[in-house]
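**Student:** Here is what each chain is made of, one letter per residue.
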Amino acid sequence: MSHFHPWIDGSIVGLYLLGTMVAGVWMRRYVSKVEHFLVAGREMNLYLGIASLAATEFGIITCMYAAEAGYTNGFAGATPGLCQAGAMLVIGLTGFCVRPLRASGAMTLPELFEKRFGPRVRWLAGVVIVLGGLLNMGVFLKIGGDFLCAVCGWDTGYLVPVMGGLLLLVAIYTILGGMLSILVTDFLQFIIMSAGLLVVTLLILHQIGWERLEEAVRSHHGEGGFNPLANASMGWSYLIFQILGNTAATLTWQTTISRLLAAKDAATGQRIYARTSFFFVCRWLVPVLWGVAALAMLGPATAGEPTLMAMPTFLSTFLPVGLMGLMVAAMLAADMSTDSSYMLGWGSVIYNDILAPFRRGRWPEARAIRWNRCIVALIGVYLFVFGLMYEIQGDVWSYLLLSGSVYLSSMSVLLVACCYWKRASAWGAIGAIVGGAAVPIAFLSLEKMASTADIAARIGKDNAGIAAFAAAALGMIIGSLIRPGRAVAESQTPLTSTR
Amino acid sequence: MSTFWHFLIWACVVWYGTVTILVAVRGWRDIVGMLRELGRGEGEE
Numbered sequence: 001m002s003h004f005h006p007w008i009d010g011s012i013v014g015l016y017l018l019g020t021m022v023a024g025v026w027m028r029r030y031v032s033k034v035e036h037f038l039v040a041g042r043e044m045n046l047y048l049g050i051a052s053l054a055a056t057e058f059g060i061i062t063c064m065y066a067a068e069a070g071y072t073n074g075f076a077g078a079t080p081g082l083c084q085a086g087a088m089l090v091i092g093l094t095g096f097c098v099r100p101l102r103a104s105g106a107m108t109l110p111e112l113f114e115k116r117f118g119p120r121v122r123w124l125a126g127v128v129i130v131l132g133g134l135l136n137m138g139v140f141l142k143i144g145g146d147f148l149c150a151v152c153g154w155d156t157g158y159l160v161p162v163m164g165g166l167l168l169l170v171a172i173y174t175i176l177g178g179m180l181s182i183l184v185t186d187f188l189q190f191i192i193m194s195a196g197l198l199v200v201t202l203l204i205l206h207q208i209g210w211e212r213l214e215e216a217v218r219s220h221h222g223e224g225g226f227n228p229l230a231n232a233s234m235g236w237s238y239l240i241f242q243i244l245g246n247t248a249a250t251l252t253w254q255t256t257i258s259r260l261l262a263a264k265d266a267a268t269g270q271r272i273y274a275r276t277s278f279f280f281v282c283r284w285l286v287p288v289l290w291g292v293a294a295l296a297m298l299g300p301a302t303a304g305e306p307t308l309m310a311m312p313t314f315l316s317t318f319l320p321v322g323l324m325g326l327m328v329a330a331m332l333a334a335d336m337s338t339d340s341s342y343m344l345g346w347g348s349v350i351y352n353d354i355l356a357p358f359r360r361g362r363w364p365e366a367r368a369i370r371w372n373r374c375i376v377a378l379i380g381v382y383l384f385v386f387g388l389m390y391e392i393q394g395d396v397w398s399y400l401l402l403s404g405s406v407y408l409s410s411m412s413v414l415l416v417a418c419c420y421w422k423r424a425s426a427w428g429a430i431g432a433i434v435g436g437a438a439v440p441i442a443f444l445s446l447e448k449m450a451s452t453a454d455i456a457a458r459i460g461k462d463n464a465g466i467a468a469f470a471a472a473a474l475g476m477i478i479g480s481l482i483r484p485g486r487a488v489a490e491s492q493t494p495l496t497s498t499r
Numbered sequence: 001m002s003t004f005w006h007f008l009i010w011a012c013v014v015w016y017g018t019v020t021i022l023v024a025v026r027g028w029r030d031i032v033g034m035l036r037e038l039g040r041g042e043g044e045e
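Top line first, the protein sequences correspond to chains A and B. Taken in order, the first sequence gives residues 1 to 499; the numbers are from this note's numbering. Taken in order, the second sequence gives residues 1 to 45; the numbers are from this note's numbering.
Check the hints yourself; a few may be wrong.
Said to hold, decoys possible - Some chain A residues judged to face chain B by a derived CB distance under 7 Å, without partners named: (1) Y47; (2) I50; (3) A51; (4) L198; (5) F226; (6) N227; (7) D454.
Stated by the list, open to error - Label pairs and their computed distance ranges (CB to CB): (8) E211/A <-> V25/B: 33 to 41 Å; (9) V90/A <-> G17/B: 23 to 31 Å; (10) C374/A <-> R26/B: 31 to 39 Å; (11) A11/B <-> P306/A: 51 to 59 Å; (12) A11/B <-> V162/A: 32 to 40 Å; (13) D265/A <-> R29/B: 16 to 24 Å; (14) W363/A <-> G17/B: 43 to 51 Å.
Quick caveat, the hints were computed from the structure, so don't treat them as lab data. Small disclaimer: the values here were computed from a predicted structure and weren't measured. Built from N, CA and C at the ideal position, the CB exists for glycine as well.
Take the sequences, apply the hints, and build the full model.
**Tutor:** Right under this line is the structure:
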């Protein structure tokens, strides 16, 4: 029986939703240009950037897959967080790729690629980014709904109206205010989310205690629960794929780099990266701790029992009335900030890059904003339909990283080559896109067909992910060597916006 | 390895708590500054 109280906890959640909607819709009055809608007029400063990046990168989906990793692998499940924090810190301190990217004035990655590889590569890169991103994002809604139904003790029949309603609220303020609404609501959502995460974590450490948590991990997972290299389901291929995938995500994931592109200048963008880096340890370790707490209190899952639902099942009876409302508000905040940024992030690539060849001349601002709003609305419809239908095979994080690597592998190779390899050419870029997309798509297809599912299981998601990066790099090298780029001098000229 | 995770969890709690307070105060100032700049840009046009 869930401790969620309809009046007490429901009022806390209602207040949060009301505050967010008022702030989000209020921002509409400041949107008069596409640049305001997509990158907030590039007026975002350091602390707002930290709040926005942190709120975007933590959704219910994050909490669920990280808690599942904690439940099934112990503290070693937080390894991806350490990899991403390390990548973020190094990139933030050195400016590797992100400094030339921000200095170029581009609003999306494909816009930068056009300057070096031409309009065809820009269009193709846009298509790959949107396909990979939407495939990745498609699972958010259902998992978020499962979480809310479990912690609130609702019947799963409520999943469609609850998540549909939540998506509608997010769509309203994102469509009206674009990035400006997202930044302001992200700020509120970051504070609510952080308060909820911290209170629940402190309560777990106080009520259950470190000794009991450690003992649960040791007895169920042994040394592998603390060390990823001693864990039978992890090992070196897991670690290498996590390092590659998380570094590529830091460099190219549209919702992450959109904060860099909305920053006042390259130096502010780098500082946002460096100072948010440790958040990525928290982003993993906090829910992993919740998953470990579920393991300590509920015990391991029996055969056929979904490990994903262990953490919400545990929280539904662990938290007292009042705190339950704060935790649900925190999770809603986390989910709404992620959904809004993702809708705008992929929408901006559709408008800026995929539709670019169909726009003759520069559109009037009002028309351009109207198109962007329509695109965001259509992504919302897709999210609702696809999100409630798709069933994931295996653990959620591996699916997300593999589907994300459809574009992470090729786009990261393109970005590095674009910034630092003078011989890189359009042929190499196309080779990298084809190679990087072919491997994960082939693997996901093998996994979905009953006759080939065994082959996919033997290969494993981690090896398939590493192969995607290798194929993208090979594609770039071979393509560029066959037909080298002509733009050695051109690539060294300052890059300017071509919107 | 257990000590490492124990230390890291408390580092997360302390860091996250501090950053939340810092961002709550200074992020608000950033919002006000951002809206002021955008409003000024509109006025100039």
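**Student:** Would you mind marking each hint as holding or not holding in the structure?
**Tutor:** A quick look at each hint next to the structure:
1. Checking Y47/A against chain B by beta carbon gives a least distance of about 4 Å; that is within 7 Å, so the hint holds.
2. Of the supplied interface hints, the one on I50/A holds, with its beta-carbon coming within about 6 Å of a beta-carbon of chain B, less than 7 Å.
3. Proximity of A51/A to chain B holds as hinted, the smallest CB-CB distance being about 5 Å (cut-off 7 Å).
4. The criterion of a C-beta within 7 Å of any C-beta in chain B is met by L198/A, whose closest approach is roughly 6 Å, and the hint holds.
5. A cut of 7 Å between beta carbons decides the hint on F226/A: the least distance to chain B is about 4 Å, and the hint holds.
6. Interface hint at N227/A: satisfied, since its Cβ lies 5 Å from the closest Cβ of chain B, which is below the 7 Å cut-off.
7. Proximity of D454/A to chain B is violated relative to the hint, the smallest CB-CB distance being about 34 Å (cut-off 7 Å).
8. A beta carbon spacing of about 37 Å between E211/A and V25/B agrees with the range 33 to 41 Å that was offered as a hint.
9. Under the hint 23 to 31 Å, the C-beta atoms of V90/A and G17/B, about 25 Å apart, fit the expected range.
10. Checked against the hint of 31 to 39 Å, the pair C374/A and R26/B passes, with Cβ atoms roughly 36 Å apart.
11. A11/B and P306/A have their C-beta atoms about 32 Å apart, which leaves the hinted 51 to 59 Å range violated.
12. At about 36 Å, the beta-carbon gap between A11/B and V162/A stays in the expected band of 32 to 40 Å.
13. Taking 16 to 24 Å as the suggested C-beta distance range, the pair D265/A and R29/B conforms, at roughly 18 Å.
14. Roughly 46 Å separates the CB atoms of W363/A and G17/B, a value that falls within the hinted 43 to 51 Å.
Hint violations for this structure: numbers 7, 11, all remaining hints satisfied.
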